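Novice: Using the sequences plus the hints, can you model the full thing?
Protein chains in written order, with this note's numbering: chain H, 11 to 496; chain G, 399 to 586.
Since the hints were made in silico from the structure, they are not lab data. Just to be clear, a hint being listed does not mean it is correct.
[What the hints assert, rightly or not] With a straight-line cut-off of 25 angstroms between C-alpha atoms, the simulated PhoX-like cross-links for lysine-lysine are: (1) Lys132(H) - Lys155(H); (2) Lys155(H) - Lys111(H); (3) Lys408(H) - Lys166(H); (4) Lys111(H) - Lys514(G); (5) Lys111(H) - Lys446(G); (6) Lys166(H) - Lys514(G); (7) Lys155(H) - Lys435(G); (8) Lys132(H) - Lys446(G); (9) Lys435(G) - Lys132(H).
Values in this document were obtained by computation on a predicted structure and should not be read as measured data.
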Amino acid sequence: MWDAIASNQRRSWVLICTMGIVLILLGAVIGGAVGTYIGAPAHGHFVAFQPPADAPWTRAQTGVYFGIAAATLLWLILWATAVGAGDSILLGAAHAREIQKEDLPQLWNVVEEMTIAAGLPKMPRVFIIDDSSLNAFAVGRRPDKAAVAVTAGLLKRLSRDELQGVIAHELGHVRNLDVKFMTLASVMLGAIVLISQGFLRALYYGGGRRRSSREGGQAALILLVIAIVVAIVAPFAAQLLYFACSRRREYLADASSALFTRYPAGLASALEKISGQAAPEAGASKVVAPLCIVNPLQETAAFSLFSTHPPTEQRIRVLRGMAGAGLAAYEAAFQQTRGKSCLGPRTLQDSTDVPIRAAAPEPAGREQAVARARAVGELLDKVLPFVVIPCPCGVRLKLPPDSKRASITCPRCGREHEVPQAAGGSLAANAGPPGPSPAAEPLEYHRKGTGWESFQCPCGGTVQLSPSFGAPEAVCPKCGQVIRVL
Amino acid sequence: MSTTLIGLLIVLAVVLVLLFWIIGMYNGLVRLRNEVKNAWAQIDVQLKRRHDLIPNLVETVKGYAAHERGTFDAVVQARTKAVGAQGVANRAQAEGELSQALGRLMMLVEAYPDLKANQNFLALQEELTSTENKIGFSRQFYNDTVMRYNTQIQSFPPNIIAGMFGFGESEFFELQDAAQREAPQVKF
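Specialist: Pasting the structure below:
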């Protein structure tokens, strides 16, 4: 297993270096072409240090250096951003909320178990995403600063064993340092794509201002053609490399998951459930995709060279075909399904036979599923400060906390509702008839903590609760409405 | 003069390289030994957590099945023995017995549907399942680490350094019967 990480790292460095060479080459060629093309004589201050005899080549040289410097600088800026704020950007993009043990003991316990099994130095932070789709991802360039995020849909649908398999797969990514290298690689890919796109676009829009009649027009033309070819080919080559590497890592993470849990069927059955979901994830972004357990953006199961994930169906087949839980068993199953090797001899060097453990007896059945769904739902309401507007027709309108709308129309009955603008306050009233008899049904407000809190009464008045507030009811200062405080 | 100097320099370089190599090997062994210690500490934490959970669990089950005295006593006795056990082998033995006693207690629960619906019991059950899993996983990790450490101090040339500085082999944490080794879980 430790050799797996080592060989993984070596392979990653090859990838990173290849991409680095592509990046520098790209910068050099484009710089050279641009330097020769729009070069010096037009700009006064350039003329000073350019001997006129070999002007085009000197210009090209300056351009090459400048191009390499610019490409490296761009890469450094992107890399610094990714290192500095990468995790929070990813988690923020997915609208993930951090939870503690009391919120969802089972999820917490499963993560803790897998932390121990994977031998991570520290337990990752746990996040939950309010999304009904089934997915999970891990971030963290260093194993001691990792975080794992799962969607609410996943928590509702998966059994304990399945959840364990998924978490183990994610922590496998963390342990194998996949996140670190995929961040590095995707930053490089991003730089390559940006430069090529920028160059091609500039060429397209700035085409009118060419100066090919100047000296060295021939050389400039050749350089330009080379630059265009490189700018078109480089992103594709880089992407192919990147995706091939990403797919390999998925297999290795699957193998790690089986080894950690000693129960490959758990992940297999989780993948079956996950691949059974219909639509691609709405809130998913391209950035997070390579880190997820299955690609959230892919609509068809079709396999292509440009996918970050291997086809789920094949991953399931390999996992189901495992005779043990060790890496050697995964390799054997992989060879049987795909007819080729996956993990490589160095990874398998000192892998021992690991028996598969028995399934955890899950009190299966509808009741259990309903209870789990309710627990997750309650947690979400607690973790995410939704604004809930009860409509008289029975519909509970839930607005995300960052919604800026002033009013909302009920989708069932078409009534207009004003959106209370209180900071994070959620006012849940029992759906009673509106208007003339407001006291018929008592309003309720659920306290979120013990500090200062404010919420809005349906009349628009703001009710404030102090930390020492202990009464069962509060009175709206504007309309006098009595609101129960729970 | 220059040949002597070159010869001297070569000897010095060889000695330096050798010295650094030995230092590297020694440090590697120290690192591995500390990893073994860490892994053992992790098992220790989990075993302690299980010991802490048991009194609570027994109390909760007693409330519903007071007449099953024998099973409770067995669990409590096994726990006391496990808490007092010293040394890797002894502790493994005692913890194995505790797991069996707990297994019997959990079998008994099947007969009391009220108990199975009790929120407090459900929370305890999740904690216990998780702790049992954690014991299993930390044992797995500990044994892997011990395996690497032992292989290292037995192989040549690290065995010379291990002998010189007194690096002894570590013991595996093995539960006594094969069935438990495969399934580190309590049946509910």
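Novice: All hints, please: hold or fail.
Specialist: Now for the hints, and whether the structure bears them out:
1. Lys132(H) - Lys155(H): holds, 8 angstroms
2. Lys155(H) - Lys111(H): Satisfied, since the Cα-Cα distance of roughly 18 angstroms is no more than 25 angstroms.
3. Lys408(H) - Lys166(H): holds, 19 angstroms
4. Lys111(H) - Lys514(G): Given that 25 angstroms is the threshold and the Cα spacing comes to 22 angstroms, the pair holds.
5. Lys111(H) - Lys446(G): Distance of about 19 angstroms is within 25 angstroms: holds.
6. Lys166(H) - Lys514(G): Holds - the C-alpha atoms of Lys514(G) and Lys166(H) are around 21 angstroms apart, at most 25 angstroms.
7. Lys155(H) - Lys435(G): Given pair Lys155(H), Lys435(G) holds - Cα atoms ~23 angstroms apart, limit 25 angstroms.
8. Lys132(H) - Lys446(G): holds, 19 angstroms
9. Lys435(G) - Lys132(H): Roughly 16 angstroms separates the two Cα atoms, so the pair holds.
When held up to the earlier numbered hints, the structure conflicts with none and fits them all.
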